[in-house]
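Engineer: Residue numbers (our numbering), protein chains in the order written: chain W, 1 to 448; chain E, 1001 to 1427.
In case anyone wonders, no lab produced these hints; they're calculated from the structure.
Keep in mind it's a predicted model, so treat the numbers as computed, not measured.
Warning: the hint list may mix true and false statements.
Stated by the list, open to error - Covered stretches of chain W, going by a simulated chain E footprint (3 or more residues, C-beta under 8 Å):
id, stretch
1, 171-180
2, 267-281
Unchecked claim - Distance windows between CB atoms, simulated:
id, chain 1, residue 1, chain 2, residue 2, range
3, W, P39, E, A1207, 56 to 64 Å
4, E, G1075, W, L125, 53 to 61 Å
5, E, R1368, W, L316, 38 to 46 Å
6, E, S1003, W, P264, 43 to 51 Å
Here a beta-carbon is modelled for each residue, glycine too, at the ideal position from N, C-alpha and C.
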Amino acid sequence: MAHQDGYTAFVSSGLGRRLASSLGLPQPVPLRRQVPGRPLVDGPVLVGGHGDTPALTALRDGLTAAGATLLDELPGSGRLGGVVVDLSAADDPADLESLRATLGPALKRLGRCARVVVVGRDPALATSPAQRAARRALEGITRSVGKELRAGATANLVLVTDGSEGAALGTVEFLLSARSAYVDAQVVRVGAGEASRPGGDRPLDGKVALVTGAARGIGAEIARTLARDGATVVCVDVPSAGAALAAVANQVGGTALQVDVTAPDAGRRILGHATTRHGGLDVVVHNAGITRDKLLANTDADRWAGVLDVNLGAVLRMNEAFLAKGGLRNGGHVVLVSSIAGIAGNRGQSSYAASKAGVIGLVDAYAGDPGLRRRGITVNAVAPGFIETEMTARIPFATRELGRRLNSLSQGGLPVDVAETIAYLACDAQSAVTGNVVRVCGQSLLGA
Amino acid sequence: MTSTRRAAVLGGNRIPFARQFGAYAEASNQDMLTAALEGLVARHGLAGERLGEVVAGAVIKHSRDFNLTREAVLGSSLAPTTPAFDVTQACGTGLEAAILVANKIALGQVDSGIAGGVDSASDAPVVVPEKLRRKLLRLSRARSSAEKAKAVAAFRPTDVGVSVPANTEPRTGLSMGEHMAVTAARWGVTREDQDALALASHHNLAAAYDRGFFDDLLTPYLGLTRDQNLRPDTSMDKLGSLKPVFGTGEGATMTAGNSTPLTDGASAVLLGSEEWAAEHGLTPLAWFVDGETAAVDYVSGDEGLLMAPAYAVPRMLARNGLSLQDFDFYEIHEAFASTVLSTLAAWQDEEFCRERLGLDAPLGAIDRSRLNVTGSSLAAGHPFAATGGRIVATLATLLHEKGPGSRGLVSICAAGGQGVVAILEAA
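Chain W extracted, bound-state conformation (with noise of 0.2 Å):
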């Protein structure tokens, strides 16, 4: 990635350590990414958790076979990769408890980078008060947890579902992975379903996958992501945009489709390239997307209407066609990308937030629709937070410079830690994750 944080560089470094140490400032480090052939986690991982801990028994086998060495007993030296603490069999505050015992010793000693990991139970699904608030709290655990973390090291929730404990996989394995390694603070729901199969290295190979906006960007690292993952990618943008989305195609051996999104036969065209190119569409992100920022009150109906239509006008029209019979295979994924903005709301960014809350609406829609669930379409959304791209790189010094900082990991997020978790959430072994809307924000303090 060109684009420097020189800052995080700095306190890296000897005198940088010393002096943002002895003024308190943050204290960002270098974050551990996905290269291929290093292990899953930098170290062992502590299991723990109260009860039977049902869910660790049905990820265990997995995890292991996936790369990690699993400790029950906290060692008496050396660092830690991370911690699992599983919390699904928790009825009460008081079993609570368990994981205060297990995490609280472990928290000094893990490594750089190292991930935390709750498991616990949808509150919703709750049959008693007592129960649902137990499953609750996790959830306030591990945001403390997030922001009490150094060093790069990361917090996130995972809900299993009664007797689907294994479906959970391929989400812990992806929470312990460094392609996390911006997603923190986060909840993630897995529904039903078989017990995911672990990927290796190229879990989307055979599979055809469409990005739009990839010219540049966030869109040009999906792309490379996905075909880095095994799939053929299908790489679409505006025509004006032609010479860098050829680039991109090349370099990761996919196709150029010039087209605008918003034109009202774009879904039918895309679909008819995957189709006849490739022979089908497995996977879907809907990555395209415009600012026009202004003030509400200084915004007109054209700037607002153009970024609702890209964001959001675009996505519901092309998935008309994609999400039709004969559209994206059974067992598809739609993977849509909405924003911080549309979390938390940002000044100057009204038309922007609608539509990147929308597409937050869009995923709950999709997700709750019999006919997609019955094919096994999922469909998710990541929400990124402050992300290093040449258009956050245009913003003015100091106003970059606190959304880089106010987040736990202290720095701003790479489009790659998009495009992990977009890839995490085009898999197969993820058909039970559905309905997520997935912050790759390093827990931003915004709209927490």
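Fit chain E to the supplied structure of chain W, relying on the hints for placement.
Structural biologist: Quick look at chain E alone, frame taken from chain W:
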């Protein structure tokens, strides 16, 4: 070889054409041809693919570009094991390249190939005067100090200078426009008809852009997303206000508006066998049915410089059992508006068709609403060797839109009194 098979046009790509010293002033032929190939590769998912052959060329070439097409292939995302060669037939280069590739496919020698062309009127080779060049060579041959001193002593201040390639015929010393003015006068082509043809070219090209016709035919380059020469808002009044630049007196009807400007650009067309197309999930747009070339004796003045297509077309029609009216689209390269109009006039002229073409009856008129329906060189510009690829890809797309059974004619005039023509049929 006992049988032949059909060669299909599978798609095309070009970069927008730029006016001389415009957006591509700093781009070389190799840069532009590589860009055209890259867009084609991306559109058709050919990264890392070994194709049968890539055939392309440029009319104006630097001596360093002796292996221009192969170098462009090596700079592209195609497999480096894809062979390539250069070809030149003046403005017919691009179409001749397509004929060559189609023929190899038809014969089963290759299963796939790219035909292309590129030209830069901006990055033109500049050479030293002939007298100076000979003296420089003599100096480089000299061995002894005495010989060297003698060679150096031969240089004169007056030797210094540069000659830039000009758009003139070496055997007549006349520019192409001056030649055309003679032909235009011979066929009585009026200023108004020429301006009307130029106007239609601009309006048709603009409308084609507006309806997204070029979204699958063009990839932007160096910030240009449309042809730089395109004037969507031109009018008969504006065109009529331009002063003639070729011809004299009453016969001076040719202006900068109804003649093509010097242009930079590149184009490429993907061709393949039916089987190869199916294996790659590509839909044939059109079949490359036939091609023909002709040449005329313009040096003696027997025929106009740019009239060779008028001879090539009837020969090709006869071979295919077709009449001039059996086409849904006519793509007649607009070197000058008067070139198109002179050719059409000749085909309607009984005497010309009898005396020159040996036909019993005139070929007749064409339905002008089928002519250059998405614009042609007057609006898009004409980077010499790139025009053939532009036209073949455009016509194949038009035929694909029109549907099975539709047929198109390509006619391109070229320097040296030559013409290259072809027939495409919807797949």
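Engineer: Give a verdict on every hint.
Structural biologist: Okay, the hints, checked on the actual structure:
{"no.": "1", "hint": "171-180", "in the structure": "violated (count 0)"}
{"no.": "2", "hint": "267-281", "in the structure": "holds (count 4)"}
{"no.": "3", "hint": "W:P39 <-> E:A1207: 56 to 64 Å", "in the structure": "59 Å, holds"}
{"no.": "4", "hint": "E:G1075 <-> W:L125: 53 to 61 Å", "in the structure": "59 Å, holds"}
{"no.": "5", "hint": "E:R1368 <-> W:L316: 38 to 46 Å", "in the structure": "44 Å, holds"}
{"no.": "6", "hint": "E:S1003 <-> W:P264: 43 to 51 Å", "in the structure": "46 Å, holds"}
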